[in-house]
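> Each chain, written out:
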Amino acid sequence: MVLLLYCVVAPAAALTFTARLLPDTIRQGDTATLRLEFSGGSPKALPSIPAVPNLTFAFAGQSTEWSMVNGQQSSKMIYLFRVIPAQPGDYTIPAITPLVEGPPQTSPPMKFKVLPGTAPLPAAPQADLDKLAFFRLFVETNEVYVGQVFGVEMKLYFIAGQDVQLPNLRCDGFIANKTVNAQGREQVGDTIYNVISFRTVAVPVKAGRLAFGPGECNITIRIPTAAPSNPFQPPYSLKQVSPKSDPVVMNVLPLPRENVPPGFSGAVGNYSLAMTAGPTNLMVGDPITIKVQIAGSGAIDSVMLPAMEAWREFKAYPINSKSEAADPLARSGVKTFEQILIPQNAEIKKLPGVTFSFFDPQVKQYRVLTQPDVPLLVRPSDAAAQQPTVLTNITANTPSAPPPAKDIAHIKPRPGLLADIQPPLIRQTWFQVVQTLPAFVCLALFIRRKRQEHLENNPRLRRAREVGAFVENGLRQLHAHAGANEDEKFFELIFHLLQARLGERLDLPASAITQSVIDEHLRPVGWTEEKLVPLREMFQTCDQARFAPQRTSQELAALIPKVEAILQQLGGEPGRN
Amino acid sequence: MMAPRSWFATGATVVFAALILIALPAVAIDFNAAFDSAGKSYEQGRYAESARAYESILAGGKTSAAIYYNLGNALFKDNRVGQAVYYYRQAERLSPRDPELQANLAFIRRAISGGTEAETDRWQQFLRGLSLNEWTWLALVPLWAWLLLLALGQWRTQWKAKLRGYTVTGGAMGGVTIVLLVSALNDHYRAESAVVTVKESVVRYGPLAESKSYFTLRDGAEVTILDTKDGWLQVLDASQRFGWLRKEQVIFVNARPPIRSVQKS
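Chains A and B supply the protein sequences, listed in that same order. The first sequence: position 363 = 363 (our numbering), numbered continuously. The second sequence: position 36 = 1036 (our numbering), numbered continuously.
It is possible that part of the hints are untrue.
[Claimed, not checked] Simulated pairs of lysine-lysine, DSS-like, Cα-Cα distance not exceeding 30 Å:
hint : chain 1 : residue 1 : chain 2 : residue 2
1    : A       : LYS450    : B       : LYS1162
2    : B       : LYS1077   : A       : LYS406
3    : A       : LYS291    : A       : LYS111
4    : A       : LYS450    : B       : LYS1160
5    : B       : LYS1199   : A       : LYS322
6    : A       : LYS412    : B       : LYS1199
7    : B       : LYS1160   : A       : LYS406
8    : A       : LYS322    : B       : LYS1160
9    : B       : LYS1212   : A       : LYS322
10   : B       : LYS1062   : A       : LYS412
11   : B       : LYS1077   : A       : LYS412
12   : A       : LYS291    : B       : LYS1212
13   : B       : LYS1199   : A       : LYS291
14   : B       : LYS1212   : A       : LYS406
15   : A       : LYS412    : B       : LYS1040
[Claimed, not checked] Computed beta-carbon distance windows for the label pairs:
hint : chain 1 : residue 1 : chain 2 : residue 2 : range
16   : B       : VAL1168   : A       : ILE560    : 53 to 61 Å
17   : A       : GLY571    : B       : VAL1141   : 36 to 44 Å
18   : B       : VAL1141   : A       : THR355    : 27 to 35 Å
Note that these hints are calculated values from the structure, not bench results. Note that CB positions come from ideal geometry on N, CA and C, so glycine has one too.
Whole structure, please, built from the sequences with the hints as guidance.
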């Protein structure tokens, strides 16, 4: 490891003398300041400035500055002279040799330029700006492993400035955390600088030789100017600069591929493991609260609890986790995981201990931490007392069981058969109505069959219906015969109608019915003469017609109502089934 | 010869029928185009837009198991787990044996419960192996056959003896399938179930905002409704814990899909 720090030790107690002209270019009408600094002592007398034509040097005062650098106290005596030019031109201020103790001290000659009153002043050269403010990037170590946390410090050095912004750090291939800043002063060379330190940590996410940085920080610095003619105007100008640091080359090593422990989830650092579980005496279905603490140094926030396959006999609820950093940069801390497990059967005797593995970059090896099993006493609940041992995930016991899915299955490429959004068929009215149809059909056929059976079992009823149909049909044929003047057929049909009706009423064969039936069967059952006379006459008419069939259609048609009346009187309306 | 007015009526009817026949494929194409567009949005990772597109198909009054399933996927990817479960359940009613659907439901249920999902009893699994319409057809076929055989026997009594065996068999099968259909209906409608659609729903001991909280349910948790009171629901979760939560924090599985007008983005 190489610790890169700029650390300049203050010089010894010997007096040093420096002279500085600020600024070295002014416009006519302005003045500059000649600053004589004595460190480690003071001159015996007020330093005298060699005369320069057209330049006037006016003593502007003296001051003493004290500073503490790396525990060493030092002081500086400062003498200020105003330099007033009489006219524009290029001047050279000769070397100044003050009267001091010890070996003589001489400053180098200084160039001084005075421009005409309207000429623009040149911009401060970059080299001068770099002296006023610069930015440095330091890392804790140049060689790390992927996932290993390392410290980073960015320092902004400036003499005088304001409006410092947080630095931007280019760190492709790394993840940088939040920064913590601090202020102080440091001596670099012979200059005391104000220093703002930005500290953070970073974690490489890929292996290789990677450039870390550069870093850049915006600051508004004060650039000293000539003493203004307006006493209310400050003797400096403000300029925003963005000093940039050089990048640092990091050698990021990949984690070893050999001997990677199962369940390794990428944790790099140095950790300890602790686990508690309770209650341990419980019934099936009661919850056990598991608390696992992983503590140590490393990216503690990204530490994950490995999946515990050994806990498959428990029903597991989602894990809650909480991180507590031990330092402002979160380089170390404690992460606590809390999970609730529920034993599913009374056969469970223990809760398998948690196993956590990580890579220790200090020893360059993987390490596995294991907690011991927690004995459990699981009593069957009342509802579960008779149940056999049931695993919550039976497929896990199957050798060929696939690993659990890590995402949902993809969408379907085709919409399939589109249908209206509606309730199930069984709840739709039209469907319910349709289902009654076969029942109605069956019922109707059943009723029909019963009626047929009833008829078949009642010959007289059947005969009555047949005769009724015969009579109805016969009466229609009578009209036809009458219209065709077919008197023979006309009277024959009347005779058959009378035979059929009388045979049906008297339960006698139709062919046996003659006129004599009137006296033999009808009179005894109480038929009156009023009813019998028309019937007898109709029989006689039919007999006479055999011998004298000459009748007109009108005469034949006139008989039909009489026939209808007789038949109706005999037993029912024509055509009754 | 037809009168002119009859000619006009006949011609108008033919033209109208032709327009309908021409329009029908266009309507079908619209739904297919919307489906493909929604799928494209899903593939591009624009899950909210994909969900809106599937919902627009539902707003058109048409659906299928695939549409419900895809909508569930889009909602899940858009972190609306409860609504995803609701649409998966709708898809399950139309296509209960879809392995991808069952896998997705199991995936979500495992993620919510933190372990394996609760086992349903075998009888319930058997009943839910067919959709209600499938159970209906399964019951109606032997029932109709039985009734028609009975009708045939009434119509032709001389066939009754020959058909007796078939009639008894048909009747027995019809009876069994009717019982199964009734059981499926009972399983479907007896216990109202709902899905939590908010990130976290606090379940309390009583139906009051002041009641002490008992446990919380995550987005996507499925519950059985036991009782209702004043905008609160008494629910039973998969771990057999029961309590009260706010009605607006869940969506009922038996409710019709919340079809709303979808504004194009």
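> Could you run down the list of hints and mark each one as holding or not?
Against the structure, the hints come out as follows:
For the proposed pair LYS450 (chain A) and LYS1162 (chain B), the alpha carbon gap of about 20 Å is at most 30 Å, so the pair holds. This hinted pair checks out: LYS1077 (chain B) and LYS406 (chain A) have alpha carbons roughly 13 Å apart, not beyond 30 Å. Distance check on the hinted pair: LYS291 (chain A) and LYS111 (chain A) sit about 74 Å apart at the alpha-carbon level, beyond 30 Å; violated. Restraint check for LYS450 (chain A) and LYS1160 (chain B): the C-alpha separation of about 14 Å stays at or below 30 Å, so the hint holds.
Note on LYS1199 (chain B) and LYS322 (chain A): the hinted pairing holds, with a Cα-Cα distance of about 20 Å set against a maximum of 30 Å. Proposed proximity of LYS412 (chain A) and LYS1199 (chain B) is supported: the alpha carbons are some 27 Å apart, at most 30 Å. Distance check on the hinted pair: LYS1160 (chain B) and LYS406 (chain A) sit about 62 Å apart at the alpha-carbon level, beyond 30 Å; violated. Taken as a hint, the LYS322 (chain A) and LYS1160 (chain B) pair is broken in the structure, with Cα atoms around 80 Å apart against an allowance of 30 Å.
Under the criterion of a C-alpha separation no larger than 30 Å, the hint pairing LYS1212 (chain B) with LYS322 (chain A) is consistent with the structure, at around 25 Å. A hinted pair counts as satisfied when its Cα atoms are at most 30 Å apart, and LYS1062 (chain B) with LYS412 (chain A) qualifies at roughly 17 Å. A hinted pair counts as satisfied when its Cα atoms are at most 30 Å apart, and LYS1077 (chain B) with LYS412 (chain A) qualifies at roughly 15 Å. Between LYS291 (chain A) and LYS1212 (chain B) the CA atoms are separated by roughly 26 Å; this keeps the pair inside 30 Å, and the hint holds.
For the hint linking LYS1199 (chain B) to LYS291 (chain A), the alpha-carbon distance of about 25 Å falls within 30 Å, and the restraint holds. At roughly 37 Å between alpha-carbon atoms, LYS1212 (chain B) and LYS406 (chain A) are farther apart than 30 Å, so this suggested pair is violated. As the CA atoms of LYS412 (chain A) and LYS1040 (chain B) are separated by approximately 12 Å, the hinted pair is consistent with the 30 Å bound. The hint said 53 to 61 Å for the Cβ distance between VAL1168 (chain B) and ILE560 (chain A), and at roughly 57 Å that hint holds.
Between GLY571 (chain A) and VAL1141 (chain B) the beta carbons are some 52 Å apart, a value that contradicts the proposed interval 36 to 44 Å. For the hinted restraint 27 to 35 Å between VAL1141 (chain B) and THR355 (chain A), the CB-CB distance of approximately 58 Å leaves it violated.
Violated hints, listed in ascending order, are 3, 7, 8, 14, 17, 18; each of the other numbered hints is respected by the structure.
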